Amino acid sequence: MEEQPIKGIKMAIATETRTTLKKNLIDYEDSINHLYLDTKGKVTVGIGHLIANKNAMSGVTLYKVKNKLLTQPATLQDKMTEYASIAKLPWGKRYGTKSFEKHTTLRMKEFDINNLLNKHIDNFYRELKNIYKKDKGFTKNFDDFDSKVQLALFDMIFNLGATKLVNSFPKFNEAIKSGDFEKAAIQSHRLDVHEDRNKHVQKLFEDASTGVIVGVPIGKINQAEAQV
Amino acid sequence: MLINKKILLAAILLSTFQLSCTAANNDLLPTLNNDAFSGFTFTKNKITLEGYDYKNHERKVITFNSCKEALDYNISDIAGHDYFRFKLLVVSCKAVNKYTTAKSSAQSLFPTKLDDTFYKDLPALTTPYLSKTEYSQRENKTIKHAYKSLKITSKDNTATLITKEDEIYITVVARGDFNNDTFEDLLVSSEWYAKNANGKHTDLVILTKTSKDKPIQIDWRMNTLK
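Chains as they are written, first to last, in the working numbering: chain A, 1 to 228; chain B, 229 to 454.
Careful, some of the hints might be misleading.
Stated by the list, open to error - Computed footprint of chain A on chain B; a stretch qualifies when at least three of its residues, placed anywhere within it, have a C-beta under 8 Å from a C-beta of chain A:
1) 306 to 319
2) 356 to 362
3) 383 to 396
4) 403 to 410
5) 428 to 439
Stated by the list, open to error - The calculated lysine-lysine pairs, modelled on BS3-like cross-linking and capped at a C-alpha distance of 30 Å, are:
6) B:K372 to A:K203
7) A:K133 to B:K372
8) A:K171 to B:K372
9) A:K133 to B:K369
10) B:K341 to A:K88
11) A:K133 to A:K109
12) A:K171 to A:K199
13) B:K341 to B:K360
14) B:K360 to A:K129
15) A:K199 to B:K383
16) B:K341 to A:K134
17) B:K283 to A:K199
18) A:K54 to B:K383
19) A:K88 to B:K383
20) A:K129 to A:K102
21) A:K133 to B:K379
22) B:K274 to A:K109
23) B:K348 to A:K136
24) B:K296 to A:K136
25) B:K296 to A:K171
26) A:K129 to B:K392
27) B:K288 to A:K171
28) B:K283 to A:K68
29) A:K42 to B:K437
30) B:K372 to A:K98
31) A:K40 to B:K442
32) B:K296 to A:K40
33) B:K348 to A:K109
34) A:K22 to B:K442
35) B:K440 to A:K40
36) A:K134 to B:K296
37) A:K68 to B:K348
38) B:K423 to A:K66
39) A:K54 to B:K379
40) B:K376 to A:K98
No lab work stands behind these hints, which were simulated from the structure alone.
The structure presented is a predicted model; accordingly, all values stated were derived computationally and were not measured.
Even glycine gets a Cβ: it sits at the ideal position worked out from N, Cα and C.
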């Protein structure tokens with residue numbers, strides 16, 4: 001997806017890091033341009049973007065489809081009607097995202113899916129900056145970590161959330177605190193997560209521990225690209 | 229709805245599917261929560277599935293027509309975005325396999341109707357754990373002691389647990405004697421969702437209670453510590 005500036009938010013995530021994050025998230029969540037129900041029956045769209053209730057449809061941009069083209073933007077009423085229609089369908093392990101497509105009439109543009117995802121990335125970025133900082137005993141601030149470490153931490157927080165990342169993985173955080181990324185690689189293992197995902201995160205830390213350089217730390221590279 | 233195994237076989241499963249359980253007079257027959265097995269049909273010697281499609285790494289659609297196919301499939305080959313949904317199927321298939329081994333129980337120390345209080349007093353490790361540390365943190369605690377600011381509601385054999393960070397579902401999928409001690413056990417599946425993130429985990433446990441004075445214990449679980 002093409003990088004889009006986010007107005008009003010001062011961000012300093014390297015374009016390359018953000019692009020890699022998005023690619024990974026599409027692998028984990030898929031990118032779906034219509035409403036669907038997740039495995040707990042919550043209305044969802046885009047890349048795992050949960051819509052809490054029908055009023056929250058105001059924050060989701062959808063379009064009507066005509067001759068397979070996305071034509072005019074859907075009204076709030078259109079979107080709320082679609083929400084209500086999807087919300088009452090059966091859900092669970094039998095119902096993949098694709099199975100909901102035939103019940104929908106509205107679609108999202110890739111541009112808008114990208115914008116929603118950017119907001120999630122920015123929220124997690126803020127939380128990561130608040131967790132991993134020098135004045136909490138870490139050797140570096142989040143922005144000064146190697147981009148591999150940043151990507152691995154993003155993966156952890158996307159999966160666990162900030163509270164679980166801090167409270168349920170104390171040995172992992174101790175390893176990060178002491179700059180022992182080899183140990184962090186071992187401690188990053190999450191039960192019941194796709195093995196490829198665990199291995200990917202483990203390798204990011206291992207590469208960081210052996211000094212494999214794949215990018216300049218986020219805080220150093222992207223001042224010119226920072227969105228203000 | 230928990231249904232008697234005999235009714236299940238006769239009315240729903242069209243069945244020549246013979247289970248290994250035995251029942252003496254006045255024994256409690258094993259029961260299966262049919263609501264947790266939508267799309268499952270039991271035929272002779274196997275469980276067939278309907279409507280279970282997933283994508284693999286190459287984004288090719290894989291259709292699973294039986295639990296055997298699902299359990300034989302290498303879960304690592306499932307696409308990342310379908311991993312959890314597939315894991316839910318694995319849990320259900322393993323639950324049915326467990327159910328087929330259940331014996332009738334001579335007695336039960338579990339209530340017939342399970343209410344909020346019952347779920348609050350379950351071992352905290354009934355729900356999925358995310359790490360070894362979290363396992364240790366919840367060991368020997370009950371749900372009400374392990375989760376802060378817990379809101380719990382229960383209906384039809386499923387409890388919903390909500391905290392600031394967690395959304396958890398606990399479902400009693402079957403009852404029966406799974407460990408041959410003559411006491412009725414509960415086969416319980418659980419799902420954990422991060423409220424403020426995208427994480428989701430699932431597990432299956434057998435809960436046992438052999439004395440009124442002793443707490444409920446976890447006798448077996450599907451996920452293991454590595």
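Going through the hints against the structure:
1. 306 to 319: holds (count 12)
2. 356 to 362: holds (count 6)
3. 383 to 396: That given contact holds, which follows from 3 residues of the segment 383 to 396 of chain B lying within Cβ reach (below 8 Å) of chain A.
4. 403 to 410: violated (count 0)
5. 428 to 439: It holds, with 4 qualifying residues against the three required.
6. B:K372 to A:K203: 38 Å, violated
7. A:K133 to B:K372: 34 Å, violated
8. A:K171 to B:K372: Holds, because 26 Å separates the two Cα atoms, which is no more than 30 Å.
9. A:K133 to B:K369: 33 Å, violated
10. B:K341 to A:K88: With a Cα-Cα distance of about 28 Å, the restraint between K341 (chain B) and K88 (chain A) holds, given a limit of 30 Å.
11. A:K133 to A:K109: Roughly 37 Å between the alpha carbons, so the hint for K133 (chain A) and K109 (chain A) is violated.
12. A:K171 to A:K199: 18 Å, holds
13. B:K341 to B:K360: 33 Å, violated
14. B:K360 to A:K129: 25 Å, holds
15. A:K199 to B:K383: 39 Å, violated
16. B:K341 to A:K134: Judged against 30 Å, a Cα distance of about 53 Å means the pair is violated.
17. B:K283 to A:K199: Holds, because 20 Å separates the two Cα atoms, which is no more than 30 Å.
18. A:K54 to B:K383: Distance ~25 Å between K54 (chain A) and K383 (chain B) Cα, so the pair holds.
19. A:K88 to B:K383: Cα-Cα ~18 Å, so holds.
20. A:K129 to A:K102: Since the Cα atoms of K129 (chain A) and K102 (chain A) sit roughly 41 Å apart, the hinted pair is violated (cutoff 30 Å).
21. A:K133 to B:K379: 33 Å, violated
22. B:K274 to A:K109: Distance ~44 Å between K274 (chain B) and K109 (chain A) Cα, so the pair is violated.
23. B:K348 to A:K136: 35 Å, violated
24. B:K296 to A:K136: 51 Å, violated
25. B:K296 to A:K171: Given that 30 Å is the threshold and the Cα spacing comes to 39 Å, the pair is violated.
26. A:K129 to B:K392: 21 Å, holds
27. B:K288 to A:K171: Violated, at roughly 39 Å.
28. B:K283 to A:K68: 25 Å, holds
29. A:K42 to B:K437: It is violated: about 35 Å lies between the C-alpha atoms, which goes past 30 Å.
30. B:K372 to A:K98: Between K372 (chain B) and K98 (chain A) the Cα gap is close to 38 Å, so the pair fails against 30 Å, i.e. violated.
31. A:K40 to B:K442: 34 Å, violated
32. B:K296 to A:K40: 25 Å, holds
33. B:K348 to A:K109: Not OK: K348 (chain B) and K109 (chain A) at ~44 Å, beyond 30 Å, violated.
34. A:K22 to B:K442: Answer violated: K22 (chain A) to K442 (chain B) is near 50 Å, above 30 Å.
35. B:K440 to A:K40: 35 Å, violated
36. A:K134 to B:K296: 52 Å, violated
37. A:K68 to B:K348: Between K68 (chain A) and K348 (chain B) the Cα gap is close to 51 Å, so the pair fails against 30 Å, i.e. violated.
38. B:K423 to A:K66: 36 Å, violated
39. A:K54 to B:K379: 23 Å, holds
40. B:K376 to A:K98: Roughly 37 Å separates the two Cα atoms, so the pair is violated.
Violated hints for the displayed structure, listed by number in ascending order: 4, 6, 7, 9, 11, 13, 15, 16, 20, 21, 22, 23, 24, 25, 27, 29, 30, 31, 33, 34, 35, 36, 37, 38 and 40.
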